[in-house]
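Below, each chain spelled out in residue letters.
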Amino acid sequence: MFKNISIGISSFLLVSMSLFAHADDKVTVFAAASLTNVITELGAQYEKERSVKVVNSFAASSALAKQIENGAPADVFISADSKWMNYLQDKNLIDVSSRINLLGNRLVLIAPKGRSFKVDFKKNFDFAKSFDGKLCTGDIDAVPVGIYAKQSFNNLGWWDDIKTRIVGSQDVRAALAFVERGECSAGVVYETDAKVSDKVEIVGVFPDDTHDAIVYPLAILTKTSAINPLAQTFVNYLASPKAAEIFSKYGFTVLSK
Amino acid sequence: MLAEENRLDLFSFTSAEIAALLLSLKVACWCTLVIAIPGVAIAWLLARKDFLGKTLLDSLVHLPLVLPPVVPGFILLLLLGNQGFLGKWLHALFGITVAFTWVGAVIASALMALPLMVRSTRLAISLVDVRLEDAAKTLGAQPFWIFLTITLPLAFPGILTGLILAFSRSLGEFGATITFVGNIEGETRTLPLAIYTYTQIPGGDLPAMRLVTLSILIALAALYCGDLLERKMQKRLGVDHGRD
Amino acid sequence: MAVIDIDLKFERPAFKLNVKFSSDHLATGLFGPSGSGKSTLLSLLAGLIRPQNGHFVLDGIPLIDCAQGIHVPAHQRRIGMVFQESRLFPHLSVQANLAYGLKLLAEKNQQFTMQKIVDLLEIGDLLAQKPDQLSGGQKQRVALGRALLTSPRLLLLDEPLAALDMRLRDQILPFLRRVKEETKIPMLYVSHSIDETLFLTQQLAIIEAGEIVASGDFHAVMHDRHALGLALSLGLDNLLHATLIESHALLGYGLARCGKHMLVIPHGSHKLGDEIAIAFSSSNVALSTQRLHHVTIQNQLQGMVTSIDIIDYRTLVSIDVGFKLIAEVSAKSIEALGLAVGSELYCLVKTQAIRSYALS
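First to last, the sequence lines map onto chains E, G and Y.
First residue of the first sequence? That's 14 in my numbering, and the numbers climb one at a time after it.
First residue of the second sequence? That's 203 in my numbering, and the numbers climb one at a time after it.
First residue of the third sequence? That's 5 in my numbering, and the numbers climb one at a time after it.
Hints in this document: simulated from the structure, not taken from any laboratory.
Computed from a predicted model, the values in this text were never measured in an experiment.
Warning: the hint list may mix true and false statements.
In silico lysine to aspartate or glutamate, EDC-like type, Cα no more than 16 Å apart, as pairs [to be verified]:
id, chain 1, residue 1, chain 2, residue 2
1, Y, 328, Y, 348
2, E, 176, G, 389
3, G, 290, E, 145
A short, non-exhaustive set of chain E residues, derived as facing chain G with CB atoms under 10 Å [claimed, not checked]:
id, residue
4, 72
5, 78
6, 79
7, 101
8, 104
9, 125
10, 147
11, 154
12, 156
13, 194
14, 195
15, 197
Positions of the beta carbon are idealized from the N, C-alpha and C atoms, including for glycine.
Extracted from the complex, chain E is given alone in its bound form:
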């Protein structure tokens, strides 16, 4: 009986391994969490048109950069800020010639739907008093949206009063979820995230001069072996006017190359 079981198990393992063997006819994309909806839609379109499988992984850009550094098999990386792309560039993990700034975005302050409050984005505004409870955003030390948020708060002079009430999550979508659920009375996310959710409302937009320009760099990764030839075609697709339409639909600014 054991002989039969071990034959069964070995066959199963062999078959499942063969399922992973076809690394060549797909593109693996690691993208910032805020790109979840738009890249999923674009990836599905691409698959339909070109019959090439697009495999996506969405997380905070910092986490993705760490994974790529540790050898994750990604072909394309789209970060939500330049910092993490620079990090990988310094480690010679990207094809520098492929690096472009793909998109822009705006930073917004949100509240659960129906619980908005008045905010003036000025230095003397008492932000801490304008709402009760916690403010959710990405982890302010590593996740891009958190980093941008901290920059804005610092620039507006609100940081010291608000820092103890900040809940940092592992990516911008987790922060969004907290605000949607009402666990946080306020949140700082990208404008595109606020648009995608119908359970939050935008309280206001952080003025562009309070934080670094929000730029989404894209690059093809060199990995340990040769670059996946399908990656460039996919990147070209992302830079095409058709894709630009879809990015705009979601609220992203399409940057000229």
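Please build the complex by placing chains G and Y on the supplied structure of chain E, with the hints as guidance.
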């Protein structure tokens, strides 16, 4: 990024790391305190009494042990979160919030550690000879007095094991904690969550390694002390389980 | 003096108990074979298990009355219990064990001081020790002391000496008697050893298969036809009332007058003039058609055969020697001697086969 963390060697800790350690210890101590009495009470019920719904109680108590920790965490969020069923009521009546606070972390730990405490205590109580309790009855002792003076002292080594297991489990609690109270530095970022955070950031491997080493040392210390204490108690009680 | 009135019905799978019994004696022995329900009855009286039906009244106070829904919890009954396995609390010292029940007792109810009981049972130098350091006999004495210190209205003893060897048993029995005589606490003594029981009391209740088959004075009980099987199995089928006339310690014998006969019995602790019970089993009675002269058997009682019966494959000959004696012999020997109803013969009883009990 993490420049300060990477300047130090394996044996020095940043203030953020020490904060995580102290928070972990605080949460673990409170967790153990909180489940001590309910744990013993439930264990006694399961060990000594028969009642309608006993199997249900037993299963409920064991659920956190067999479910993936995010599930109890999520349920806690639904119940006790700011918008949660009980959470809203608590806030309205008493102004109490537990979401995103260390108190919530204690609750998450307590829920996950309770089954371990109950299992160990139940076993210990069931090993106490009921005939001794009967003898105490004939000497005029009321049921609660018998529990305090006979059952509890004789079951104590097992109860102690349960408490130490609960403490250790709390130190290692991750899934329910991060789901329920998030990962807020200084408030809910316990050691496991801190380690996780560091592993998500490029350049966080060294601080992560430091905290991992620390966690292992603490766990070993807890288990070692627990074992010593338990053996000392056994000797003092002069209990011999059917040697002659 | 406790007046116990018991009428209890208790049922478990494969076991039924239906006990009707009352007594106003200071000590009663509850006697019966293993599995007859002795321990169950004591547990019911102590309140450790609940009967399905019936009542139990002690000194006029109803402790159980199922019809009225009364079931006083064990810890309120003031009924002490000594168990076969001492059940001393292993984590407490002897002193703490003794004090356990005493501390819970209101001062006005305390009949004995710790010192008095410790002296009575001679356990003074054990006080600081833990139960696992004591011998079996010492443990039972402590258990006895612990129960006594709660000044119980009734003391139940559930085969307290069964786990001890003969030597220890003989050591402790006098303590039990001392307890009975000096504390005057009513006792219900359960045992499957008749000798042990009789050392304490002549008042017996015989329990068999969950029912009391006979109760009362030892003599009456043993001659009760319901207890015949038991008497036979205990070797008490010959049970006589006698008076000790002479006692010779050096030569190891005594003389007891029984009716018109003088019987030679082993030397015992009885005093001259004491009323005693003499017992010997029927298998220790040999029959002879004439008096024997060159033989060690000194007890040779002359009498006449009144009946020859076969009970359970045993041939029992009943002889009237002034009182009834039963001899068990082989059927072959009856034929060989040509014995029949009316035959005149002598009953030969070896002195060593005779046991004697004090009658109080």
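Outcome of the hint check:
1. Y:328 <-> Y:348: 14 Å, holds
2. E:176 <-> G:389: Distance ~12 Å between residue 176 (chain E) and residue 389 (chain G) Cα, so the pair holds.
3. G:290 <-> E:145: Since the Cα atoms of residue 290 (chain G) and residue 145 (chain E) sit roughly 14 Å apart, the hinted pair holds (cutoff 16 Å).
4. 72: 8 Å, holds
5. 78: 5 Å, holds
6. 79: Hint holds; residue 79 (chain E) Cβ to chain G Cβ min 5 Å, cut 10 Å.
7. 101: At about 9 Å, which falls below the 10 Å cut-off, the nearest Cβ of chain G leaves the hint on residue 101 (chain E) intact, so it holds.
8. 104: 9 Å, holds
9. 125: 8 Å, holds
10. 147: At about 6 Å, which falls below the 10 Å cut-off, the nearest Cβ of chain G leaves the hint on residue 147 (chain E) intact, so it holds.
11. 154: Residue 154 (chain E) check passes; min Cβ-Cβ to chain G is 7 Å, inside 10 Å.
12. 156: At 9 Å from the nearest chain G Cβ, residue 156 (chain E) passes the 10 Å test, so the hint holds.
13. 194: At about 6 Å, which falls below the 10 Å cut-off, the nearest Cβ of chain G leaves the hint on residue 194 (chain E) intact, so it holds.
14. 195: 4 Å, holds
15. 197: 8 Å, holds
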